[in-house]
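Q: Now for the letters of each chain:
Number of protein chains: 4
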Amino acid sequence: MVKVGIVGGTGYTGVELLRLLAAHPQAELCAITSRADAELPVSQMFPSLRGRVDLAFSHPDEAHLDQCDVVFFATPNGIAMQQVRALLDAGVKVIDLAADFRIKDVAEWEKWYGMSHACPDLVAEAVYGLPEVNRDKIKNARLIANPGCYPTAVQLGFIPLLEAGVIEQSSLIADSKSGVSGAGRKAEVHALFSEAGDNFKAYGVAGHRHLPEIKQGLANVTGESVGLTFVPHLTPLIRGIHATLYGRLTKDVDLQALFEQRYAGEPFVDVLPAGGMPETRSVRGSNICRIAVHRPQGGDTVVVLSVIDNLVKGAAGQAVQNMNIMFGLPEKTGIDLVPLLP
Amino acid sequence: MVKVGIVGGTGYTGVELLRLLAAHPQAELCAITSRADAELPVSQMFPSLRGRVDLAFSHPDEAHLDQCDVVFFATPNGIAMQQVRALLDAGVKVIDLAADFRIKDVAEWEKWYGMSHACPDLVAEAVYGLPEVNRDKIKNARLIANPGCYPTAVQLGFIPLLEAGVIEQSSLIADSKSGVSGAGRKAEVHALFSEAGDNFKAYGVAGHRHLPEIKQGLANVTGESVGLTFVPHLTPLIRGIHATLYGRLTKDVDLQALFEQRYAGEPFVDVLPAGGMPETRSVRGSNICRIAVHRPQGGDTVVVLSVIDNLVKGAAGQAVQNMNIMFGLPEKTGIDLVPLLP
Amino acid sequence: MVKVGIVGGTGYTGVELLRLLAAHPQAELCAITSRADAELPVSQMFPSLRGRVDLAFSHPDEAHLDQCDVVFFATPNGIAMQQVRALLDAGVKVIDLAADFRIKDVAEWEKWYGMSHACPDLVAEAVYGLPEVNRDKIKNARLIANPGCYPTAVQLGFIPLLEAGVIEQSSLIADSKSGVSGAGRKAEVHALFSEAGDNFKAYGVAGHRHLPEIKQGLANVTGESVGLTFVPHLTPLIRGIHATLYGRLTKDVDLQALFEQRYAGEPFVDVLPAGGMPETRSVRGSNICRIAVHRPQGGDTVVVLSVIDNLVKGAAGQAVQNMNIMFGLPEKTGIDLVPLLP
Amino acid sequence: MVKVGIVGGTGYTGVELLRLLAAHPQAELCAITSRADAELPVSQMFPSLRGRVDLAFSHPDEAHLDQCDVVFFATPNGIAMQQVRALLDAGVKVIDLAADFRIKDVAEWEKWYGMSHACPDLVAEAVYGLPEVNRDKIKNARLIANPGCYPTAVQLGFIPLLEAGVIEQSSLIADSKSGVSGAGRKAEVHALFSEAGDNFKAYGVAGHRHLPEIKQGLANVTGESVGLTFVPHLTPLIRGIHATLYGRLTKDVDLQALFEQRYAGEPFVDVLPAGGMPETRSVRGSNICRIAVHRPQGGDTVVVLSVIDNLVKGAAGQAVQNMNIMFGLPEKTGIDLVPLLP
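Chains as they are written, first to last, in my numbering: chain A, 7 to 348; chain B, 7 to 348; chain C, 7 to 348; chain D, 7 to 348.
One thing to keep in mind: the hints can contain errors.
[Said to hold, decoys possible] The list that follows gives simulated cross-link-like pairs (lysine-lysine, BS3-like), each with its CA atoms no further than 25 Å apart:
#, chain 1, residue 1, chain 2, residue 2
1, C, K338, D, K338
2, A, K192, C, K192
3, B, K338, B, K9
4, B, K9, B, K99
5, C, K221, C, K143
6, B, K338, A, K338
7, B, K143, B, K338
8, A, K110, A, K221
9, B, K192, D, K192
10, A, K338, A, K9
FYI, nobody ran anything at the bench for these hints, they're computed from the structure.
Start from the sequences, fold in the hints, and give me the full structure.
A: Shown next, in the form of structure tokens:
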């Protein structure tokens, strides 16, 4: 059994980790911390967990996280970087679901996140936890930077094209739509039901923190920088990301075969048959990314459709997938869930 | 392994049975029939099942259902009664998720359902599959009438009060609200997104088919007929029933203790602590019924709040629960799911 | 032209007042105050008003409200009572959309609202602004207590029955459902899209501030106190209240005729034909209350269904209706809107 | 008063026409036809119109449409072309909200719509009813082809850029999202609440009927054909289209000024200030198109955001706007509505 701790379990990635770990046959949930809600039974905040999670939230100072095998940080940005070193020194592996260790260029990170980084050396050590790219490195990592939700959907969609060198690298477009849970469980007006419901809008067009993360990931594929226009949108659903990706083809190629071959062995990437159009609910509650590739009207624009559940493959599920890899467990353990439809 | 067949798997109770059975460790899905969609791979209609259900829909004549151990009918009302006798004769157990065997008074059934019953003798034999009431009879049944969604939520809420004889039996009120999936996966204008979305309404106030089913179930508890006003409403959510039940107290009693004791050993009924108010999402995707009991302002009106997922405890989950009981499996096998929140 | 001021225009009742007054042919919008957002153009906060409202929010001290003919308070409870006297003294009429002047029993008000009342004498003077009951008093009022949303829907449904003396007054039940805009435009977790969406729940079962308001209104009808169980619920729609009302009949009466006669001359109450079931969207964006009355299965329980748009007839629209009455304008002026369906 | 007839009023564009015309001070609604629902009072199908529309649906043969001044066709594609000639011959003007007269290349139309055209000569005569482009021609037209919903949002967004010649014409991308009312009021499974709710998907990626309409409109701007990738998506809201448009800049230009100047005099196009991001609800129920233009990260990709209410500016509102122009009425008459927010 892997002894697990969670720091900051009162947000949506936190409760999703709890949902997954409560049913994980090889994980033992030892502690979950929350400064604000210490001593409150977890199931009182999240009644869906009644009878499944008997823990109460612990004060961080009393959680004995150093006795865990792995600690997940489901905290706001800037928290994990304060606490990770002590845990690593104590021999605890760490998976950070926030952004503290995602961007290798620390100056770039500091620009987008508006704070100084507390441990640049650990940024260098951290492994970006996208198993479809970094599975081998993840196996031996002490510290995982769990990818963002948009970056997961967008990278998985572009990677086959960039690896094969069949699209212009300078003019990528990622038109992305996210459910409102992506905004977190914070009391903010813009995420109210009466604001986000029955409404659709773009946001962050001038610049979104996931832009440098995606550009870094895509540049790693080919060794050259990419030009990317990334426009996120808020759509009135709770869970789900749909990325519609556009690239300009530079070579004629069997796109369907390209995608099928790239993801042939992947347990959590499903390439739809030619002509398919994945819908977000087809992955609701599951760790699957479903992808389809199109070439409309036979033109030179390739369109990739990529969907994930932002809280699972885009956050907690991918984190557990990383945990499974790090501890030598079968990769699907505890996250082999059938999507909830309707 | 229990060999399972499903008749009529293209509706919401059908796909929900598939979701549950695909992950059930003791069930082997052998056949699923659909006259209209014969030969279509199941996962093409329901992409959420890609990689989980490899079957195609079979034509009813070619499905060899008589070789199954149990057959679920997820069909419109009036179909199962035509086919059940042959299956029972072949030694196959049957669980009907439609209404064909729910009402013992055949004349009453024929009045509400507008057709002649094909096998009144089997109505007499059928066991009403509400495990919290009929667990022992279910164990040895050949034919289960799986309860309706509203009847499950309403009966579980009223039963402790009626068994204890603490409310007037003649003036019960069940104000019930259902998500739109309760209307099924039929192409009907009233269930369109643009009709049912951002909208709330009552329907069937003059009389709803679940009324006689609920009255029968409640009358069985005390041996006397009950007076019930049942008002169903349509609310813009996909899954979930919330029943708000009103009764007039005739005795002073510790209501909280009454409910806790009644459901103490039940694996799928959760009585909330005093003051609790269950929300439908706290059971989304799970087989749980959560119940709270209130006595507002200390008056003589008792208010019970009862929530279920209409497709799980209100349909497919309860059907699998019945299967587990019939085949001597641990009752939670395959349906011990953590609710999906948010 | 009536010169209008609004205090506290950044919530949903505020923006709804603006929507209505911007198109009102006899109203001139002179000032709208907000301490927190002073100097922000209104249309920047509410882009739906671009080109329709050119004002910026004013600091309360600089709004010159005493030069208005009428001032609407769209503020949290407890604000209006601090400011009303000065306005009245300056000859300005006041319509308070909050609860400060709704409850005549000041001690009762202080118990439910948790504060001391600043001007009990003005409570005594204030007219409860339900035109269907108090039209004549409203004409000459200086100070209007605009009714709450639930109280409007519930009272309009019960009044014909109580006036006619055909139901038991001691055992009324009001099972009420509200869209999420009823919770206001405040940053609170429970009203987030990912909390309130795809979810249904009761709240305030033990006691809700609208309970004493409804009881007072109903008691005024007959001169005796009433027994009322009031259970509010939150349903995932933006606008709309649906009240399902239950009473025990004590006399045989033509219920349909009773309702039609009671509301025969009312411009904003629509009694549906027998058998009707009003849906909330049929009044979306309009000032109409639609009502239907049923007697299910011919029993002795009467069921009334009453729907309003909580932001219009339940708040801003009724406030403008009161203004029209107070200033001798045709009652429908500016609020004769066709509902938005779908 | 303009005497108005409507053919086929039982869909969403039909009921929206009724909503607008019921309150239009210069329109007299004379007849509304429906073969299937003849003699049914309109307000029985659409209770939102109770007290506002007293007509019943007429059988087409008895509607005396030839006595109208103008007839709107809110019918499925292929109906108007059968009936228009007789009306024109009788001196009646016609506005077709379907697609029969939108595409000038009849062979192209026949390919996309799968039927033979009944009156190619009238296609040649018909004026494409986008007032921002064709206002003068509309004034004198007998027959208007009212634009599609996507084409309205997309063309209004691209036109300033193409007219100014500042983007590559060969590589336009229109990533468009529509609310579900765009699918009409037809009983189809894919548009059910439980299918389209809490879900997001692309559709018609290989080719959508609005593609040739948009390409025709944009080609008319510059006299050359354009290359366009058009990907429509279904998003869970009732009303609203959000088009996110991408072009490659070929010249440096003040984009904000370009848009503001192009639409300076337009009553129904609102260019947001620099940095703005329009949301669909900011135009809900109104005839406005709101547009913002961005150049993310200072790159050579221009991003235009364009929102409309698909049933108003995308259908019925634009049709009434065309009627106003044709009959010499002030263009805003009857459609100068304040959007409904929230």
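Q: Holds or violated: are the alpha carbons of C:K221 and C:K143 at most 25 Å from each other?
A: With a Cα-Cα distance of about 20 Å, the restraint between C:K221 and C:K143 holds, given a limit of 25 Å.
Q: Between C:K338 and D:K338, is the straight-line Cα distance small enough, at 25 Å or below?
A: holds (22 Å)
Q: With the threshold set at 25 Å, check whether the alpha-carbon distance from A:K338 to A:K9 stays at or below it.
A: Within the cut-off at roughly 18 Å; holds.
Q: Taking only the CA atoms, is the gap from B:K338 to B:K9 under or equal to 25 Å?
A: holds (18 Å)
Q: Are the Cα atoms of A:K110 and A:K221 separated by 25 Å or less?
A: holds (12 Å)
Q: Verify the proposed pairing of B:K192 with D:K192, using a straight-line Cα cut of 25 Å.
A: holds (12 Å)
Q: Does B:K9 pair with B:K99 here, judged by a C-alpha cut-off of 25 Å?
A: holds (11 Å)
Q: Would you check the hint for B:K143 and B:K338, treating anything up to 25 Å between C-alpha atoms as holding?
A: Holds. B:K143 to B:K338 sits at ~18 Å (cutoff 25 Å).
Q: Has the given pair, B:K338 with A:K338, been kept, meaning a C-alpha gap of at most 25 Å?
A: holds (22 Å)
Q: Would you mind confirming whether the straight-line C-alpha gap from A:K192 to C:K192 stays at or under 25 Å?
A: holds (12 Å)
Hint compliance for this structure: every hint is met.
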